[in-house]
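Trainee: Let the sequences and hints guide you as you build the complete structure.
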Amino acid sequence: MADIGVEVCGIRLKHPVMLASGILGISAETMKRAEEGGASAVITKSFSIEERAGHENPTIALFKHGILNSMGLPNPGARAMAKEIEKAKKMCRVPIIASVFGKDADEFVKACEIARDSGADAVEINLSCPHVPGTGMELGVDPNAVKEIVTEVKSCIDLPVFVKLTPNTHALQKIALMAVEGGADAIVAINTVRGMLINPMMKKPELSTIFGGYSGPGILPIGIYCVYTIYSAVGQSVPVIGVGGICRGMDAIQYFMAGASAVQVGSAVYYRGYSAFSEIANEIETFLENEGVNSIRDIIGIAVR
Amino acid sequence: MADIGVEVCGIRLKHPVMLASGILGISAETMKRAEEGGASAVITKSFSIEERAGHENPTIALFKHGILNSMGLPNPGARAMAKEIEKAKKMCRVPIIASVFGKDADEFVKACEIARDSGADAVEINLSCPHVPGTGMELGVDPNAVKEIVTEVKSCIDLPVFVKLTPNTHALQKIALMAVEGGADAIVAINTVRGMLINPMMKKPELSTIFGGYSGPGILPIGIYCVYTIYSAVGQSVPVIGVGGICRGMDAIQYFMAGASAVQVGSAVYYRGYSAFSEIANEIETFLENEGVNSIRDIIGIAVR
Amino acid sequence: MREVVEVLENNRVAKNVHTIRFRWKRDARPGQFVMVWIPGSGEVPLSLSYVGDIKGITVKVVGETTEKIARLKTGERFGIRGPYGNSYSYANKILVIAGGTGMCSLAPAIEMARVNYKVAFIKVFFGAKSAEDLFMLDRIEKFADALVIATEDGSLGKKGLITDFALPEIKKGFYDIVWTCGPEAMMIPIVKKCLAEGVNVEASLERYMKCAIGVCGSCAIGRFLVCKDGPVFDTKILSEIINGLGKVRSPSGRLIDYAEQS
Amino acid sequence: MREVVEVLENNRVAKNVHTIRFRWKRDARPGQFVMVWIPGSGEVPLSLSYVGDIKGITVKVVGETTEKIARLKTGERFGIRGPYGNSYSYANKILVIAGGTGMCSLAPAIEMARVNYKVAFIKVFFGAKSAEDLFMLDRIEKFADALVIATEDGSLGKKGLITDFALPEIKKGFYDIVWTCGPEAMMIPIVKKCLAEGVNVEASLERYMKCAIGVCGSCAIGRFLVCKDGPVFDTKILSEIINGLGKVRSPSGRLIDYAEQS
Ligand SMILES: Cc1cc2nc3c(=O)[nH]c(=O)nc-3n(C[C@H](O)[C@H](O)[C@H](O)COP(=O)(O)OP(=O)(O)OC[C@H]3O[C@@H](n4cnc5c(N)ncnc54)[C@H](O)[C@@H]3O)c2cc1C
Ligand SMILES: Cc1cc2nc3c(=O)[nH]c(=O)nc-3n(C[C@H](O)[C@H](O)[C@H](O)COP(=O)(O)OP(=O)(O)OC[C@H]3O[C@@H](n4cnc5c(N)ncnc54)[C@H](O)[C@@H]3O)c2cc1C
Ligand SMILES: Cc1cc2nc3c(=O)[nH]c(=O)nc-3n(C[C@H](O)[C@H](O)[C@H](O)COP(=O)(O)O)c2cc1C
Ligand SMILES: Cc1cc2nc3c(=O)[nH]c(=O)nc-3n(C[C@H](O)[C@H](O)[C@H](O)COP(=O)(O)O)c2cc1C
Ligand code: FES
Ligand code: FES
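Protein chains in written order, with this note's numbering: chain H, 1 to 305; chain A, 1 to 305; chain F, 1 to 262; chain E, 1 to 262.
Hints are computed from structural coordinates only; laboratory data are not their basis.
Hints are not guaranteed to be accurate.
[Unchecked claim] Here are the simulated DSS-like cross-link-like pairs (lysine-lysine), alpha carbons at most 25 Å apart as the crow flies: (1) E:K25 x A:K203; (2) A:K89 x E:K247; (3) H:K203 x F:K236; (4) H:K87 x F:K236; (5) A:K83 x A:K110; (6) F:K193 x F:K247; (7) A:K203 x H:K14; (8) F:K193 x H:K203; (9) F:K192 x F:K247; (10) E:K73 x A:K203; (11) H:K90 x F:K93; (12) H:K174 x A:K103.
[Claimed, not checked] DEER-style ranges, computed between Cβ atoms: (13) H:G119 x F:E132: 48 to 56 Å; (14) A:Y271 x F:R29: 48 to 56 Å; (15) E:D257 x A:M91: 17 to 25 Å; (16) H:K203 x F:E197: 48 to 56 Å; (17) F:G246 x H:K83: 16 to 24 Å; (18) F:S130 x A:I302: 43 to 51 Å; (19) H:Q236 x E:S89: 56 to 64 Å; (20) A:R272 x E:V4: 26 to 34 Å.
No residue lacks a Cβ here, since even glycine has one placed at the ideal position from N, Cα and C.
Mentor: What follows is the structure, given as structure tokens:
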């Protein structure tokens with residue numbers, strides 16, 4: 001039996017396949033659903049201090065190689081989400097990680113404090129949403145802003161802090177290093193890739209916001225590259241959590257071999273259904289067993305060392 | 001009959017589907033082959049003053065949603081390529097555009113001068129190759145370097161200068177604007193997207209260079225987004241030429257509607273064969289006819305205005 | 001990429017209610033819905049009111065997008081994706097309770113129950129505010145064995161809420177299944193009665209939808225997603241979520257009262 | 001993603017020449033090649049020397065990657081993609097002229113000509129430097145009607161270049177087709193003779209390959225790409241490119257003499 005348990009920043013996971021932020025994690029019950037589907041940890045939908053309705057429909061465009069979304073970070077606000085987290089902590093056995101965003105360090109800190117008080121096991125700082133002005137990747141491509149936000153958050157809460165980065169930059173290594181300097185406990189990559197589709201018959205963009213974020217199988221090589229490049233920069237100082245395009249165990253394996261210590265899965269819920277998590281975890285285990293690998297830890301970064 | 005003729009920087013093309021750089025354009029005869037396949041213009045393989053062998057094999061990895069390559073800009077050097085261009089100018093009726101690269105403005109200028117002397121109809125400045133240190137996107141993500149190189153090239157040659165940009169940056173609008181300030185006559189986007197694949201069974205990256213550039217259908221929404229964002233920044237001041245993931249007429253139509261005045265096609269040669277160019281051009285024409293659009297010019301940017 | 005279809009015809013079928021027919025080569029079952037896109041206005045979920053080769057949607061104008069849809073002219077286009085969601089189950093004796101546009105998804109189910117499943121007995125209760133809000137009566141009469149109409153103002157059929165007349169029909173023994181679709185305030189007592197009497201029930205629910213593909217969580221009721229697990233929920237699930245009915249999520253995801261939503 | 005296969009057996013078949021057998025579920029025809037990947041060393045094109053369920057490659061050690069391949073042990077793995085390229089055409093009477101590892105792609109073609117196409121007559125000329133460079137003689141004898149061997153040092157068969165003995169065989173009338181694969185210096189006179197005599201000829205060419213999928217241009221001969229349009233070229237194309245033979249592209253794409261390449 002291959003050991004697929006992992007530990008990320010002191011959080012023990014029975015396997016490395018977590019639920020990515022923005023998928024299902026809107027309520028305690030849907031988080032529970034993800035747990036039932038096998039997720040080893042749940043990242044909540046990203047939330048801000050104040051409620052946000054998000055962008056107008058259409059906020060989704062599907063195409064052969066993935067999904068474009070421009071949800072626009074809808075969320076009922078930190079206080080409402082805190083209640084869901086409290087409830088989720090009672091209902092679920094897996095760790096609950098609160099994803100938060102804001103327009104500056106102060107807002108991040110406040111949202112993180114609310115998350116901490118709700119009992120979240122860790123926070124994930126969303127510095128990477130590609131389709132909301134004034135937050136997300138607009139902050140996340142500025143290495144100084146990243147460092148400042150992470151530093152502030154770390155000085156105010158004592159939970160593990162994951163920092164989620166965008167692939168839409170040429171400065172990823174620098175940004176990751178600054179996040180680590182700021183005290184990040186883990187780097188999560190990637191959020192969606194900026195993308196756009198136009199409907200030729202309607203002569204209009206398929207999303208109300210013109211462009212959005214591209215997720216799903218077509219972004220797999222981009223995510224693997226980003227994890228590799230971050231892993232190369234931050235070395236073993238903090239774990240890298242891989243996300244982007246993972247639909248099968250073999251996709252996750254590539255992330256581990258590129259340096260990821262764990263992975264998150266989002267769009268695969270659409271492609272494989274709610275049991276995507278346990279299916280992918282099983283495929284990882286089967287692969288390791290067939291290959292005679294004892295533990296997932298033995299393959300982390302193995303392809304790039 | 002819909003008019004699918006376009007004019008880019010004074011160069012008249014019978015339709016908007018050109019051959020992208022790096023595919024086939026290694027010799028006069030292969031350029032001729034692209035013309036026979038219907039390309040309305042041919043961009044040569046990118047070349048430098050000195051010969052380059054490129055990276056070691058494997059330099060290609062295929063996956064479901066596209067192609068990764070790390071050719072490493074192999075080329076026989078500017079003088080050898082100049083001979084091919086001279087020959088191509090005699091053999092072909094379509095414009096021949098020389099793609100050049102170097103490590104600094106000086107090298108770009110020298111390569112461009114050789115290209116001009118060979119009779120090329122225009123030059124394309126490759127500031128976007130994602131897998132060769134010291135050139136390509138390493139220069140192309142620095143707006144000042146972009147401006148300097150373009151300015152120098154423009155001051156030395158009087159051919160139209162296309163500037164080919166990378167999607168792997170958060171500063172694309174700025175870079176495009178600086179290229180225009182430098183005197184660029186057209187912006188070409190996108191070069192390949194940085195990507196990486198690992199072979200789980202071999203525990204090794206699929207490319208000898210670890211990562212490479214992702215092209216083909218999976219990058220379509222990324223290219224469309226980049227063209228839109230460049231078009232939004234540079235307005236109608238210079239034409240934008242769209243490239244990335246175009247396999248069918250409908251893909252090209254999306255580029256036009258996002259603001260492209262013409263398109264280039266590379267990987268589709270693998271997916272559809274050497275007649276990809278005329279097939280795509282026909283599909284564009286059929287679409288325009290079915291939609292009752294008189295001229296392709298009528299749909300440029302129509303989805304984003 | 002969304003598919004784009006062309007309007008074959010647009011008929012006003014009741015006050016502010018229009019049926020739009022279009023050719024769309026997709027298999028669909030009654031109960032399923034589509035996301036209809038009107039560029040510049042929005043994208044909204046609508047049940048398929050016709051599921052044959054020439055599909056149909058029947059839309060009530062309640063806001064900007066539904067208004068644009070209701071005004072579509074023959075030859076005009078709209079974007080569409082789907083069909084999404086599940087459908088009703090057929091049984092030998094079916095009781096149907098529809099309120100207002102709830103009939104949109106029930107009408108093709110009634111038709112299919114008769115034509116394809118050749119069920120033994122279908123009785124339909126159809127209620128609305130007023131006569132001018134009722135639609136597809138010919139179609140229902142054609143395929144159902146009995147139709148009971150109720151309007152709140154008494155302008156057609158019985159006067160009162162449809163539940164006043166339909167609830168007493170729900171008794172263990174006669175009907176194999178009850179189908180209901182309509183305002184949640186109407187469906188809650190129906191579902192409760194069915195659960196209490198031990199009668200099989202299927203209710204089609206509406207929630208604010210964004211992705212319609214089961215990822216965004218916008219349409220969540222308890223642990224279920226209306227777009228993916230529904231919109232038709234069966235007795236077992238209904239008994240689990242009954243206390244969650246009457247609450248919906250606003251676009252932000254906040255839980256609000258069903259009545260508050262517009 | 002490359003497929004990965006496991007070595008079933010590795011047999012030395014001649015000096016520095018090894019045949020590696022492996023199970024690979026892909027349809028392939030003689031003449032086609034695969035890209036064999038040895039991580040850390042490289043990826044090289046190799047003809048399939050066996051095309052059944054248990055495929056085979058037969059590799060001559062000429063550099064780092066071929067050496068690694070030749071040393072693969074049973075149970076070891078390598079990466080593979082393909083099969084790529086086209087294959088030989090069958091005709092009733094076939095003359096085969098092979099030089100050295102040129103036999104790798106010809107041997108399965110000979111086998112298939114006999115077993116599957118049941119052609120009337122196959123005569124094979126096989127030349128090499130020395131007896132120790134020859135391989136698969138049993139296999140060829142089994143399927144060919146006649147086998148003429150020539151070695152430059154005379155250690156087996158006739159002494160001399162294979163062209164000395166094979167060229168006179170090429171005369172209009174008897175053979176329906178001539179297949180040849182080997183060093184370009186050997187194939188050029190053969191192709192020329194065939195063209196002059198008006199005999200159908202197919203030559204399998206080798207060029208430096210990178211992509212093997214027809215995009216990079218590395219393997220271009222004139223307007224043809226060996227990986228996509230070849231590696232087997234027919235009379236018509238050969239007559240077009242005959243003057244380009246003897247020149248190959250270095251990895252940079254520069255044209256150099258065939259002999260210069262290693
Ligand atoms: C599965 C399903 C099937 C439906 N079938 C039909 C049908 O067949 N016929 C019909 O007339 N109506 C149907 N509806 C309701 C229809 O979707 C709304 O009336 C429509 O979305 C209103 O949009 P609007 O822009 O015109 O109004 P708005 O002014 O934008 O909103 C008015 C109200 O409509 C509802 N609404 C708006 N947008 C959405 C959305 N994206 N998802 C869900 N509700 C929304 C909300 O309650 C909102 O308060 C269905 C809804 C669902 C969820
Ligand atoms: C279609 C085709 C089929 C072939 N079939 C066989 C076969 O069945 N058996 C066999 O032994 N050999 C075959 N070859 C030749 C074989 O590919 C080379 O011997 C091998 O690539 C040498 O690689 P290396 O790393 O060992 O040598 P290196 O030291 O790298 O190179 C030695 C020489 O090998 C050639 N070579 C190197 N890399 C390549 C490459 N990527 N593509 C083409 N040639 C290259 C060049 O001439 C080079 O000078 C075939 C070649 C082609 C194009
Ligand atoms: C519908 C949708 C909503 C998302 N919302 C968020 C979000 O709120 N916060 C966030 O950090 N990432 C969000 N993401 C990004 C995912 O967490 C993930 O980084 C991305 O989708 C790539 O992974 P995947 O290919 O497995 O989906 C969202 C993705 C999708 C598809
Ligand atoms: C094998 C290969 C080689 C390439 N070489 C070059 C090059 O030399 N110069 C360049 O500017 N772009 C090069 N490109 C990028 C293409 O020109 C194009 O920008 C990219 O592939 C996206 O378009 P596509 O999806 O149509 O292939 C190359 C692409 C491929 C696949
Ligand atoms: S609408 Fe997104 S999950 Fe149902
Ligand atoms: S090897 Fe690239 S075109 Fe043939």
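Trainee: It remains to establish, for every hint, whether it holds in the given structure.
Mentor: Structure-based check of all given hints:
1. Distance hint between E:K25 and A:K203 is fulfilled; the C-alpha atoms sit about 22 Å from each other, no more than 25 Å.
2. With a C-alpha separation of about 23 Å, the suggested pairing of A:K89 with E:K247 holds against the 25 Å cut-off.
3. A C-alpha spacing of about 45 Å is found between H:K203 and F:K236, which places the hinted pair above 25 Å, so the restraint is violated.
4. Between H:K87 and F:K236, the direct Cα distance comes to roughly 23 Å. Compliance with the 25 Å bound is thereby established for this hinted pair.
5. Note on A:K83 and A:K110: the hinted pairing holds, with a Cα-Cα distance of about 16 Å set against a maximum of 25 Å.
6. Of the supplied pair hints, the one linking F:K193 and F:K247 holds, its CA atoms being roughly 19 Å apart against a limit of 25 Å.
7. Of the pairs offered as hints, the one joining A:K203 and H:K14 holds, with about 24 Å between alpha carbons and a cut-off of 25 Å not exceeded.
8. The hinted pair formed by F:K193 and H:K203 fails the criterion: a straight-line CA distance of about 50 Å is larger than 25 Å.
9. For the hint linking F:K192 to F:K247, the alpha-carbon distance of about 16 Å falls within 25 Å, and the restraint holds.
10. Simply put, E:K73 and A:K203 have alpha-carbon atoms about 18 Å apart, close enough for the 25 Å limit, and the pair holds.
11. Taking the CA atoms of H:K90 and F:K93, the gap is about 43 Å. The hint is violated against a cut of 25 Å.
12. Distance check on the hinted pair: H:K174 and A:K103 sit about 23 Å apart at the alpha-carbon level, within 25 Å; holds.
13. Taken as a hint, the range 48 to 56 Å holds for the pair H:G119 and F:E132, whose Cβ atoms sit roughly 53 Å apart.
14. Checked against the hint of 48 to 56 Å, the pair A:Y271 and F:R29 fails, with Cβ atoms roughly 35 Å apart.
15. Take E:D257 and A:M91: their Cβ atoms lie about 24 Å apart, and the range 17 to 25 Å holds.
16. For H:K203 and F:E197, the Cβ-Cβ distance of about 54 Å falls inside the hinted range of 48 to 56 Å, so the restraint holds.
17. Evaluation of the 16 to 24 Å hint for F:G246 and H:K83 yields a pass: the beta carbon distance comes to about 19 Å.
18. The beta-carbon spacing between F:S130 and A:I302, approximately 44 Å, falls within the hinted interval of 43 to 51 Å.
19. At about 58 Å, the CB distance of H:Q236 to E:S89 agrees with the hint of 56 to 64 Å.
20. Evaluation of the 26 to 34 Å hint for A:R272 and E:V4 yields a pass: the beta carbon distance comes to about 28 Å.
Of the numbered hints stated above, those contradicted by the structure are hints 3, 8, 11, 14, listed in ascending order.
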